[in-house]
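Could you build the full structure based on these sequences and the hints that come with them?
Protein chains in written order, with the working numbering: chain A, 24 to 284; chain B, 8 to 273.
By construction, these hints were calculated from the structure, which means they are not laboratory data. Think of the CB as a built atom: it goes at the ideal place given N, C-alpha and C, for glycine as much as any other residue. Where hints are given, some of them may not hold.
As the list claims (entries may be wrong) - Beta-carbon label-pair distances, calculated as ranges:
| # | chain 1 | residue 1 | chain 2 | residue 2 | range |
| --- | --- | --- | --- | --- | --- |
| 1 | B | Ala82 | A | Pro95 | 32 to 42 Å |
| 2 | B | Ile190 | A | Ser126 | 14 to 24 Å |
| 3 | A | Ala132 | B | Val69 | 36 to 46 Å |
| 4 | A | Ser126 | B | Ala261 | 24 to 34 Å |
| 5 | B | Ala82 | A | Glu76 | 48 to 58 Å |
| 6 | B | Ile135 | A | His91 | 51 to 61 Å |
| 7 | A | Ala132 | B | Ile190 | 47 to 57 Å |
| 8 | B | Asn118 | A | Ser126 | 39 to 49 Å |
| 9 | B | Ala260 | A | Glu76 | 35 to 45 Å |
| 10 | A | Pro95 | B | Val106 | 21 to 31 Å |
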Amino acid sequence: MSNVSIENLSKNYGALSVFDQINLNVGDNEFVSILGPSGCGKTTLLRIVAGLEQATEGRVLVADEETHKPRPDMTLVFQNFRLLPWRTVEDNVGYGLRLRGRSRGEARAEAQPFIKMVGLEGREQKYPYQLSGGMQQRVGLARALAIQPKILLMDEPFGALDAQTRELMQDELLRIWLANRKTVMFVTHSIDEAIVLSDRVIIMQTNPGRIVEDIRIPFERPRNSAEIRNDPRFAKLRAEMWGLLRQEAIAPDMVGGVSGE
Amino acid sequence: MRQTWSGACQVNNRGMSRRKALTIRVFAALTLLVGWYAAAVSTGSLFLATPQDVIGRLGQSVASGEFLDYLGPTAYILAIGAGLGVAVGVPFGLLIGRVRWLQSATEAPINIFYTTPLVALIPFMLVIIGFNNQSKILIVFLFTVLPVIINTAVGVRTVDRDLLELTTSFCSTEAPVWRDVLIPASIPAVMTGLRIGLIHALVGAILADFYAGASGFGYLIILYSNRFDVAGALGPVLVLAVTGTAIAAVLKAAQRRLSPWQGAQI
Chain A
24 MSNVSIENLS KNYGALSVFD QINLNVGDNE FVSILGPSGC GKTTLLRIVA
74 GLEQATEGRV LVADEETHKP RPDMTLVFQN FRLLPWRTVE DNVGYGLRLR
124 GRSRGEARAE AQPFIKMVGL EGREQKYPYQ LSGGMQQRVG LARALAIQPK
174 ILLMDEPFGA LDAQTRELMQ DELLRIWLAN RKTVMFVTHS IDEAIVLSDR
224 VIIMQTNPGR IVEDIRIPFE RPRNSAEIRN DPRFAKLRAE MWGLLRQEAI
274 APDMVGGVSG E
Chain B
8 MRQTWSGACQ VNNRGMSRRK ALTIRVFAAL TLLVGWYAAA VSTGSLFLAT
58 PQDVIGRLGQ SVASGEFLDY LGPTAYILAI GAGLGVAVGV PFGLLIGRVR
108 WLQSATEAPI NIFYTTPLVA LIPFMLVIIG FNNQSKILIV FLFTVLPVII
158 NTAVGVRTVD RDLLELTTSF CSTEAPVWRD VLIPASIPAV MTGLRIGLIH
208 ALVGAILADF YAGASGFGYL IILYSNRFDV AGALGPVLVL AVTGTAIAAV
258 LKAAQRRLSP WQGAQI
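Here you go:
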C-alpha cells in the first residue's frame, strides 16, 4: 500500500489561513499533480504530507497510517536541490542509503544504477558546484529514488531550471516513473508540466487555499511530451485549467508563476 | 540554486588573479623591507636596527645557544596552552553551536571574557596562581580558546537550514547529522577560529613572559631591550612575525585541502 489520504486538512499561521478543509486521495502508484498559483498553500500541503510541518486541523494518512513525521518509505525532492556541497555525486545519491545502514562502499554500489538512470554516468566524482542546475536536480532525483521509496513527493522540482532543461527533465521523469512506478505527489505552477506528467491534476485557488477541481488526464502511457503538447485534447485541457487559474488573476501577482513556463 | 554559489564569477576571478596576487604580495613584502631599512637608517641604530643587523645579531644569538634556551620554555607553554585551547575550544564550540540551552547559558560569560582585554587579567592570574609555567599555560589557553569557541559555534549555528531540513526529511538521527552536515559545513569557520586562536596564543605567550619575567622568549626581548641591544631585541620579534604568518598560511592551505568543494572560493 502506498496511497495518501488527506482528510479535512487545515493550516493557519495565527489568524492567517493558508488553506482550509482540504480533502484529497492519491491512489497506489498514481501520479497526481497539484497545480495552483503562488500562495495557494500547495507547497505547505506537500510539506505537511512529508512530515516537515504540522497541520492545524485534520490528518494525513500514508499507507493508511496517520503520519506526523517523515517516513522512511517516502521522500521529498526539493525545488532548490539541497545537495551536500562537500559530497560527490555518488555520495550524494547514496546519502539516504548510508542513513539506512549501508557502508560507504555499499551505498556507492547501490547508488550506481540510479546515477545511470538519471544519466549522470561518468560524473560520479564531481562535486555539486561542478554541475549545471539540471544535473544537480538529476542528483536530487537519484538520491530520492535510491532509497526506493513507495511515495515520492516533489516540490516544484524543475521550477529552478530553464525551459529547455525543464522539458528534458519531464521526459526523463516520465520514463523513470514508467519503469519504476510509485505514488507521486507533484507540486507545480506550470500547467503544461502538470498535464504532461500526471494521471490527475488537482487545481487549487487562494484565499484561503482550497481545491477547486480534480481533472483526470486521458493520455495513455508511455507518453511522449512533444506529442502530447500537439494533441488537440492538450489545448482543451490547458484552456480549461488556465480558465480556473485565471479567476485568480484579479490580483495579477498571484498568478505570477504561470508566466514562467 | 544555492549550491551554485561558487560559480563562474569566482572561478574567473581566481584564474586571473593568481599571478597578480603573488606579484602584489612580493611587492608588498619588499616595500615593507625597504621601508624598514629607510626608517632604520634615518632614526639611527639606537632606536631601530636595519634588517641586516637584526638578522646578523639573530645568527649570533642562535649560535651562542641563548636563543634556543629562551625559546624552549615558551614553545613548551605555547604547545600545551594552545593545544588545550584547541582541544577544548573546538568540541565546546560545536556543542554550544548546536545545543540551544547551552548557548544561552554560555553566551554572556564568553562575551564578557572575549571583550575584556585579557592582558589586564594577566597580573592577577600570576599573583593568584603563581609566577610559574601553570599560570603561563592558563594564559595561553584563555587567549586561544575564546576565538576558537566563538568561531566554531558561529560555524555550526549558521549551517544552511535547508540542509538540516533535508536530514530530517531523510529520517536522519543526530549522529549522522553531524557527520553529513554540521561538521563539514563548519570546517571553514573552525579553521578561521584556529587561525585567530593560534595567533592569539602567540601573543598570550609573549605577554605572559613579559609579565612573569626571568624566562621565556618574551623575556629575551626584554633582556636585549634593557641592554639597549635593539638589533638583538628585534630578532625574536622578527621570528614571531614569521611564525605567525606561517601559521596563517599553513591553516589556509589545510582549509583548502579539507574543503575541496569550496573550489575557487578561498
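Evaluated hints:
Checked against the given bound of 32 to 42 Å, the beta carbons of Ala82 (chain B) and Pro95 (chain A), roughly 53 Å apart, lie outside it. A hinted range of 14 to 24 Å for the beta carbons of Ile190 (chain B) and Ser126 (chain A) is consistent with their spacing of about 19 Å. Ala132 (chain A) and Val69 (chain B) have their C-beta atoms about 57 Å apart, which leaves the hinted 36 to 46 Å range violated. For Ser126 (chain A) and Ala261 (chain B), the Cβ-Cβ distance of about 28 Å falls inside the hinted range of 24 to 34 Å, so the restraint holds.
Range check, Ala82 (chain B) to Glu76 (chain A): about 56 Å between beta-carbon atoms, so the 48 to 58 Å window is met. For the hinted restraint 51 to 61 Å between Ile135 (chain B) and His91 (chain A), the CB-CB distance of approximately 55 Å keeps it satisfied. At about 25 Å, the beta-carbon gap between Ala132 (chain A) and Ile190 (chain B) misses the expected band of 47 to 57 Å. Separation of Asn118 (chain B) from Ser126 (chain A) is about 43 Å and conforms to the stated range, judged on CB atoms against 39 to 49 Å.
Distance hint for Ala260 (chain B) and Glu76 (chain A): a CB-CB separation of about 43 Å, consistent with the stated range 35 to 45 Å. Distance hint check for Pro95 (chain A) and Val106 (chain B): the Cβ-Cβ separation is about 26 Å, which falls inside the suggested range of 21 to 31 Å.
Of the numbered hints listed earlier, those contradicted by the structure are 1, 3 and 7.
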